[in-house]
Structure formats: C-alpha cells, structure tokens
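Novice: Okay, here's what each chain looks like letter by letter:
Number of protein chains: 2
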Amino acid sequence: MNKTLSIPTSEHKSFWHRYLPALNWLSTYNRSLFSNDLLAGTIVAIMLVPQGMAYALLAGLPPEVGLYASIVPLVIYGLMGSSRSLAVGPVAMVSLLVASGLAPLAAGDIATFIQLALTLALIVGLIQTLMGILRIGFIVNFLSHPVLSGFTSAAAIIIGFSQLKHLLGISLPSTESFFAQTIAIIERLPQTNGVTASLAISAIAILLFFKYGTVPLLKRMGVGESWILPISKIGPLVAVVFGTTIVWWFELNQYAGVQIVGSVPAGAPSLSMPTADWGTWQLLLPTALAISLVGYMESISVAKSLASKRREKVEPDQELLALGMANLGAAFSGGYPVTGGISRSVVNFTAGARTGMASLITAGFILLTVLFLTPIFFFLPRAILGAIIIVAVVGMIDFQTFIKTWRYNKGDGISLLVTFLAVLTVGVETGILYGAGIAMVFYIWRSSQPHMAIVGRLDNSEIYRNILRHDVQTYPQVLTLRIDESLYFANTRALEEMVLGLIAERPQVKHFVLIGTAINFIDASALETLELLLDELRDSGVEFHLAAIKGPVLDKLETAGFTRHFGEDHIHLTTHDAMRKIGCVD
Amino acid sequence: MNKTLSIPTSEHKSFWHRYLPALNWLSTYNRSLFSNDLLAGTIVAIMLVPQGMAYALLAGLPPEVGLYASIVPLVIYGLMGSSRSLAVGPVAMVSLLVASGLAPLAAGDIATFIQLALTLALIVGLIQTLMGILRIGFIVNFLSHPVLSGFTSAAAIIIGFSQLKHLLGISLPSTESFFAQTIAIIERLPQTNGVTASLAISAIAILLFFKYGTVPLLKRMGVGESWILPISKIGPLVAVVFGTTIVWWFELNQYAGVQIVGSVPAGAPSLSMPTADWGTWQLLLPTALAISLVGYMESISVAKSLASKRREKVEPDQELLALGMANLGAAFSGGYPVTGGISRSVVNFTAGARTGMASLITAGFILLTVLFLTPIFFFLPRAILGAIIIVAVVGMIDFQTFIKTWRYNKGDGISLLVTFLAVLTVGVETGILYGAGIAMVFYIWRSSQPHMAIVGRLDNSEIYRNILRHDVQTYPQVLTLRIDESLYFANTRALEEMVLGLIAERPQVKHFVLIGTAINFIDASALETLELLLDELRDSGVEFHLAAIKGPVLDKLETAGFTRHFGEDHIHLTTHDAMRKIGCVD
Chain A
3 MNKTLSIPTS EHKSFWHRYL PALNWLSTYN RSLFSNDLLA GTIVAIMLVP QGMAYALLAG
63 LPPEVGLYAS IVPLVIYGLM GSSRSLAVGP VAMVSLLVAS GLAPLAAGDI ATFIQLALTL
123 ALIVGLIQTL MGILRIGFIV NFLSHPVLSG FTSAAAIIIG FSQLKHLLGI SLPSTESFFA
183 QTIAIIERLP QTNGVTASLA ISAIAILLFF KYGTVPLLKR MGVGESWILP ISKIGPLVAV
243 VFGTTIVWWF ELNQYAGVQI VGSVPAGAPS LSMPTADWGT WQLLLPTALA ISLVGYMESI
303 SVAKSLASKR REKVEPDQEL LALGMANLGA AFSGGYPVTG GISRSVVNFT AGARTGMASL
363 ITAGFILLTV LFLTPIFFFL PRAILGAIII VAVVGMIDFQ TFIKTWRYNK GDGISLLVTF
423 LAVLTVGVET GILYGAGIAM VFYIWRSSQP HMAIVGRLDN SEIYRNILRH DVQTYPQVLT
483 LRIDESLYFA NTRALEEMVL GLIAERPQVK HFVLIGTAIN FIDASALETL ELLLDELRDS
543 GVEFHLAAIK GPVLDKLETA GFTRHFGEDH IHLTTHDAMR KIGCVD
Chain B
3 MNKTLSIPTS EHKSFWHRYL PALNWLSTYN RSLFSNDLLA GTIVAIMLVP QGMAYALLAG
63 LPPEVGLYAS IVPLVIYGLM GSSRSLAVGP VAMVSLLVAS GLAPLAAGDI ATFIQLALTL
123 ALIVGLIQTL MGILRIGFIV NFLSHPVLSG FTSAAAIIIG FSQLKHLLGI SLPSTESFFA
183 QTIAIIERLP QTNGVTASLA ISAIAILLFF KYGTVPLLKR MGVGESWILP ISKIGPLVAV
243 VFGTTIVWWF ELNQYAGVQI VGSVPAGAPS LSMPTADWGT WQLLLPTALA ISLVGYMESI
303 SVAKSLASKR REKVEPDQEL LALGMANLGA AFSGGYPVTG GISRSVVNFT AGARTGMASL
363 ITAGFILLTV LFLTPIFFFL PRAILGAIII VAVVGMIDFQ TFIKTWRYNK GDGISLLVTF
423 LAVLTVGVET GILYGAGIAM VFYIWRSSQP HMAIVGRLDN SEIYRNILRH DVQTYPQVLT
483 LRIDESLYFA NTRALEEMVL GLIAERPQVK HFVLIGTAIN FIDASALETL ELLLDELRDS
543 GVEFHLAAIK GPVLDKLETA GFTRHFGEDH IHLTTHDAMR KIGCVD
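From first to last, the protein sequence lines are chains A and B. Its first residue numbered 3, the first sequence is counted upward by one per residue in this note's numbering. Its first residue numbered 3, the second sequence is counted upward by one per residue in this note's numbering.
In short, the hints are calculated from the structure, not lab data. Wrong hints could be hidden among the right ones.
Given that identical chains are not distinguished, each listed pair holds provided it fits within a single copy or across any two copies.
Mimicking DSSO-like on lysine-lysine, the simulated pairs with C-alpha atoms at most 30 Å apart in a straight line are [stated by the list, open to error]: (1) K412 to K315; (2) K552 to K412; (3) K558 to K512; (4) K221 to K406; (5) K558 to K583; (6) K15 to K512; (7) K213 to K406; (8) K583 to K412; (9) K558 to K412; (10) K311 to K512; (11) K315 to K512; (12) K213 to K167; (13) K412 to K167.
These figures come from a predicted structure and were not determined experimentally.
Sequences are here, hints too, so could you generate the full structure?
Specialist: Pasting the structure below:
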C-alpha cells in the first residue's frame, strides 16, 4: 500500500493528452464554446495590440517585436497550456528584465538588441522547458511572497519612471542607475514638451476613465452586462486612436516635436535565428534565469487562481513546458520573452474564455494587425504608449502589503524591504537574488532555533505536556524533552546545546528522554549529532532514551545501524512506556 | 510566566565573570590543579613546537610565524575561553585556507605574504569577535556535517599532496590547481632526492610507531599509566631530533641537497602591525570568512565534546569572543590565524588539563623555545615537517562517512560528494560555499514537499488518523487534511496544490478542514496562501475550516486580522469539534 499522499497530477493520462492538453477540449469542442472563446479572444486582442507595442518599447525594442511576440507563442500556449484562460504575451515585469539585462550588452545598437532579445527568449524557453521536463518547478518556492511583493513594487516604480521621459517629451542620456535617471528627469523638467505632456495627460485621463469610470456609468445607463466588459477594456485602444488622430491631423510630430512610433514594417513575422554562441549565452544566463522564474511565478499564480474559480486544475510542470515552448516560439518568430499576463488573463477569463481556442483567436487578430494595420501606427505618439504602461503598472506599487507583512512578522517585513531597496539601488536581477537569499537566511535562522519543551505527566494519565504550560508531574532523575521540528543540520546544534546545558544544570538527572512526536525526518547531520549526544551523555553518566519516534523515521535509523548502537531497549513506543521502563511510573 | 524554554547560558553571571571565565577558576586555584595543568601544558608544548613550524610552512609562512602564533593567542584564550581544555594554535585546515587564500595575492613575495597573514588574522579576529558580541554563532549551522566531512577529506588530500614535494625533495612550479600540482609531482618523480625521501620515510615510521605502537607496547612493559600518554605524544619531537641530528652530523644539506629550515630568528615576537587598507581587506574578506567559520566549527565541536565528558558547559558566544580575541592577539604579535586544534585539545584533556592555566603554561614553553632554542632548528629538514603534517592529516580522509551518509540519505550523500569534488577542483573556499548552497537547496527542496495526510475518524473515537495507515471512517462531503510541518514560503505552494488538486478530484466535497497540530509557525507567504486558498475554495463552493491550531500561531493570525476575515466560527479547537460543527458526528 502506498503510504504517502501525493499531489493529484495528470500522470495517468496518455502521452499526447498529457503534453498537448488541447486534445482534451478539441474532441468535445462545439459552437457554444467557440462563441465564448471568440468574444474573449477578441477583447484580449484589443488590449494586446497597444500593450504589446508599449511593452516592447519598455524593453527597448521596436514596437513590432511586441506584436510578433503575440502570435506564435499564443498559438503554442493555446495548444500546450494546462490553463484554459491564461493570456500569454509581452508583460511589464519581463520587459523590464529584458531592458535591464540587455541594455549594458547591446551598447545602444538596436540590431544587436533585437538579436540578443531573440537569444534571450531561446534561453528562457530552454530553461523553462527543462524545468518542466525535470519537474523542478518547485524552485520558484525559493521566492517568498514578501520578496516578490518588494520586487514588484520596486519594478513598478522603475518602469513608471522610465516612461516619464516619453510622457514629458524630453530626451535623456541612457543611464543604468534608477536614481541617476530620476535626477536627470528632474533636471530636465523645464525642457518638457508641453504638447506631448498634454497628450499624455489626456491619454491618462482616458485610460483612468475607462478603467474605473465606465463600469458604474454603463451600469447606471442600463447597458447590457455582456457589453460592459468589452467597453471597459477598450481604453488603451481609444487612447491610441485619440493620440494618433490628433498628431496626424495637426502634424504635431513636425510642428510640436511630438515623438511618434514611425514606420512599423508590415507582414507576418519571418523565421528568426537566435545567436548560438556560448559566450553570449553566458552573458545572458543570469537575466534568462530571472525571467524564467519571475515569468513563471506571475503566470502560474494567475493561472491557478483562475482555474480554481471553475474547479479546474493547472499542472505546474505542464505550465513550465508550455511557457518554455511559447518562448522558443518567440525566439524563432522575431519576438522576445513572454509569459502569462495577470490583467489580460483575468479579462480573458471574465470575458468567457473556455479553452485555449481563445488564445488562438487572439493570435489570429494580432496576425491580421501586423499584416494590414501597421501603417495606422505611424503617427502613434510614444507618450500614449508610455501612458498605457504607467496606468498599467501604478497599481502594482503595493505599500499595504508592506505594512501588513511588517506587522505580522518582522523577518518577512525585512525581506520585503531589502528586496525593494536592492532592486532600486543594486539592480533588478541582483535585487531579487538578495531578497531570496535574505528570506532563506531568515528561515534557516528561525528553524535553527526550534521550539523545545520539557514535558511532565498530566494527572496520572499517559499524557505528557509542556511543564511551562501545564501543571504536570516531573521526576528529578529524568529529563523529558520534546522537540517540535524535524531534526536537520541547522537545528541539530541547538538540540545538542539545550540537552547538554540542561544536563549540566541538573546533576541529579540520570535519564534523558527525547520525544519524537513532531520529528518527520532526521538528516545525516542530525543522525551524527544523536550519536555524539549518546556518547556525551554516556560520558556524563546519563542514559539516553528515544520515545514516540515515527515509523518511517525509525526504519531509517535502523538501516543506518543507529538503533542497534543506541540500544533497542532504550527506544520506546510512547513517552509513558519510557517512563515505565525507567521506573518512574507503573 | 515565561512560556519558552531557552538554552541555559551564563547570562546570570557578572560582566567580568562572564567575559573572563578565568576569574571563575582563579579564585579557587590550588596546587593540585596546577600540577595537572603543568603536565598537560608541557605535553601540548612538546607537540606544538614541531606542529606550529610545520603548519606555518604549510600555510606558506616561515616556521617562526607558527611559533609566534602559539604564544599570545594561547594566553588570551587561556583567560577568555569557556572551555577548560581547548588547545588553541596553528591547525592544518586553517593553514591550508591561509595558503590557498593568500598565495594568489602575495605573488611569491614572502614579506607581502607575512603582512597579508597578519591582516588576515586581524580580520578573522574582528569577524569572530563581532559574531560573539552579536550572538550570531548560529550561522555555522549552515555548514552541515556532510558538507564539513566532504570539505575535510578533500582538504586533507590537498594538504597531503602539497607536502609530497618536501618529502621527495623535488621543486615544483607554484601552481594553484590541485590536479595540475599532482600531475607535476608525477612528472618529476624521477627527480626524487633519495636521501630526503629516506629521511621522510624514516620520520613517517617513527611517527606511526609513536602514534599506534607505543601505547600497547608500554602497557605490556608495565610502564605506569601517567607515563604512557606523554611518551606516546613525543613522536614529532623524536622525528625532529632524529632528522636534525642526521642532517647536521652528515652535513646532508650540503652533500645531499636536503632542504632544511635554515636560520630561525631568535627572540620573543615583537609588536606587528596588520595592514589597514580597505582594498586589501576586501580581497581578504572571503578567506577571512571561511577561516572564521571553519576555525570556529573545528574549535567548538572539540570543546563541546570534551566539556561534556566532565559535565561542564562551553558557551558558543564566549568561545567566538575568545577565539576572536586570540586571533587579534596573533595579528599584533607576528602570528597568523589560529583556532582550537582537535588532536592537541584531546591530548590536553587526556593529560589532565583542568583550567586555562594549561594553555598559559604551553605559551610559556613556546616563548622559551623562541627565546633560546631556535638555533637548534637550523638543520631541521623540511621533509620531517612534511612527514609530521602528512601523518596528522591522513586520518582526516574519511571515506567511511561518505558510504554511511550515502546509504542513509542520498541528498546528504550528494552534498558531501559535491563539496568534496568542488574543493578539489574549484578551490577550497569556493568549494565549501558550493557545499553549503547545495545542502540548503536540498533542505528547502525536501521541506517544499511536506508530509500531508488525509485523516479519518478512528473507531467512533475523537481521534483522527491517516487514512492510508489506519482503518478509519471518512465522510464524502468533508476533506480533512493534516500537514506535518510549519507553513512557510517553500511549502505553502505544495499545500495549495494538494488542496486544490484533491478538491478538483472530489466534486462532492463541501468542507475542507486543515489540521494544525504540527504547525508551529505560519510565515507571511503562508498567511497569504491561506487567504488565497480561502477565496479559491469559496469560488469552488467549499467551506474552509481550521482545526487544532496552536495558541501562539492563532494569536498571530488574530493580530493579522486573518481570523476575522476567515470567520471565527470556522476555527475549531479540535478536529472532532470541526466535524461536530459540520454535522458529520455528534
């Protein structure tokens, strides 16, 4: 009999149904599902066209790269993803990581930058695919919520400030440090292009109105539910049309110096070849790792949250595989790294996406856009795209979580703060590493001080409880200690010190009983400590007993020959058995 | 009432008695204690003279530096150490770290090397003192036993091979990599100096005879117990006298090319000044950190083991302070980094050292040696010192621990192997970092898959047990899950996946009960996951209950406002209470 409860997975499925989840829904696909998917896919496409271009610019890439990254990857994810409502494509966080990772390497050359972005997508794709195949998605567990929260807030601030130059129409020297950039912006405030700034402010007003104002307004006007969602999501499109029309009509690019997107090449993305050079790969590896993990985190968290709403299940390993393949698709179709975006996925879900078909439909619309609509974007002001980004990220700055975390647990609060400050000062990728490191150190530190309790007998019963919390009976010649954690290298020394300290304080003690009700595991360091402790206690004239050690733990100790060395007669089923054997009770 | 059991410490003592443990024994010091300490101190001095010179050569320093490091540091430790039998001074591991850390920086210049070694002792002293004051000695917990075992074995191999050139009398190009050095030795084997090699083999024979042969022999001869130990420990001294006499008598340094120690300056160590240059300090910091931790580990483990034999207690923080001050002493008296040595401490203890006075006596003898005996060492062959080192370290190569660890637990076995190989290939300090990293990753990986069990009711009792291990009653509309670990960022996702997976598999489930008997702590990430899970379960139409959450954990949840949000009526004292409330039992 299998004695271990394992997380339910899709391992029982056939190879194809497991790795190509689309087969699960394609066989029963029907007109009703399609009409749902069509609406959702269309709305997401409407959001994705301006967002894709904006995020590409944020990453430091030409706008069409953002659109290319929204075609092939979406098709691949639609077929391979285990989530039925995740909307994959360019997102803000990943774009920031691309920008901060590639800018120092490209040295201002846009062709190099594009090539590096392709290569980055390839490496991210390989890493995520490999993680999926090896089933090591668990390593995202190293990133705690406070670390992610600190990272997200700092990244949102960096992203927001990086767009200010577009919104104000000022040009900045390219500089890497966030603070240097902020100072440069403040110094150049007088150079603000009034027309550009007005356009930006109008765009922000439009975006905020659609984001917060439309839903209550349309409800009051009695507009049908099915219309409210699509209308509330076309804000970015309206801002784009508004800005483009005004600039084109008044020729503001010529007469007022408004920066525009300019010519965007028309046509489907062509086959692109990432660089296969080990030196380049090594340089890109840290950024690729950061994108792989951060992208997967963002994606899996929204996918899980949406799946649970319909009592569906996402498979973390399959998600890694699907995202990895989507990134490989991006690498060979002129794109850049992608992942599942939070806001677009929520819209996709709310608009009724029932299967990956919605993703395919979105990809189809984006393809039509790059084939036929690119001339429209010529007069699109960069300030409008900057406004779209700022409105998208401002909500990600999360001060409340900090307050809450700090109040709940100082260690977590410090992790959050260190990550936040490190991302702002040291850099985006290094910052998140610092955070993960600090969180691990805090955890090991805490678990290196496990909770231990001397226990005594409760009211002549067979129950033994903490002497500090209960009125229990103790016996001077016996020390009965319960440790409330598994024994492993970080806490084994605390146990040894506690035991030796207590024994040194109590010369009358002749027996020491270690109670294992909470010990699920004993690692090699702890095993060695137990052996050492056995010798040390023997030297002090104290007999060492073990009580209530769990079955699997005892089996392991037996294999290692410990129980024989320890003395089988000193290992007791329960604490009470131990006390009876010692002769304290009967 | 204090509800937490804390490790007994000396915090109740007065300032001076706490930080100067010598005051505790000085007040009651008497003739009997002194005669014990005198014998122990003398035997240790006899071992220390050749060992100190040998380890200094191993570190890449002139032999007198090893003697200087055996005077002031021993006085300081004797007064400040909380262990009464630890013998401080130059040791093999630390000397290897000094050699590997300084060789690339000194570029072959011996004056620079000595100055760097002083500075290293200063930084090690500051780090250890600071760790003692801040009470952060717990960070050595990051080094697990398997990692230390792998490190020690690899270091012993490196040390052993580094002495081969002295034993064979061949000269080698200075090279950093262990493998390159090994190959160079094999290539130059034909150049072996036969006389040097014969001396070395004779010395090894003498050392092995004294180490393993004398005790049984003297016992059989009926020699008194009190004489056996001193005699068995004079092997190195005999080897030194033997080698020196032969070389001096036959003038082998001139006629046979035997490498000798040469002139060792006479006189007490003078005040030395370490370098106070931030650039140098930064370069030395990694090595200093490694020495601080490895040195402290070696020291504290032997100190604790010896103290427990007399039911005494060592204070880890005071030990750090004492070792730190001893290293500061070394830095200002022409020495190099020191720590408590395992074999000399065991001898000190066995020979009867009762107080720190033994350490002071050893220091006195070493002082007399540098004042009057240095001319004797002129003809001392380096091969003899090499032989002393090899015999000392060969026992440190520990293959058995690897076999045992591998059998007991694969993860620990891999940590050991990775550390061992990394130390040999990548380098001594980097290797130990790799090992510590791997061990942490394995631990987090394991604890990211906590043991969970669905439980059911045992025989109409109030006891709920694992359904896979016991024949229990379950109720289809209720899922009752026990998690056997505290909830923190690394395992919180596993819990979420398990719960959502189980719920998705069981459409009939209307209630989910999480049992907290084993949860000692819930960190901010886990709190967020519980909140998320609450929403997700609500979306799935499942009510979330908590049962048997410990008092302190519940208090924390209350502070964070979680219990209110969760619903006080869904938090139950016991699993049975929860089942009663749900209406399954009465």
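Novice: Take the hints in turn and mark each one as holding or not.
Specialist: Hints and how they fare:
1. K412 to K315: Neither: 34 Å inside a chain and 32 Å across chains, both beyond 30 Å.
2. K552 to K412: So K552 and K412 pass the 30 Å test across copies only (20 Å; inside, 34 Å).
3. K558 to K512: within (27 Å within a copy, 38 Å between copies)
4. K221 to K406: neither (34 Å within a copy, 71 Å between copies)
5. K558 to K583: So K558 and K583 pass the 30 Å test inside one copy only (24 Å; across, 40 Å).
6. K15 to K512: between (59 Å within a copy, 27 Å between copies)
7. K213 to K406: within (26 Å within a copy, 63 Å between copies)
8. K583 to K412: neither (45 Å within a copy, 35 Å between copies)
9. K558 to K412: between (37 Å within a copy, 12 Å between copies)
10. K311 to K512: between (59 Å within a copy, 15 Å between copies)
11. K315 to K512: between (56 Å within a copy, 17 Å between copies)
12. K213 to K167: within (24 Å within a copy, 77 Å between copies)
13. K412 to K167: neither (37 Å within a copy, 55 Å between copies)
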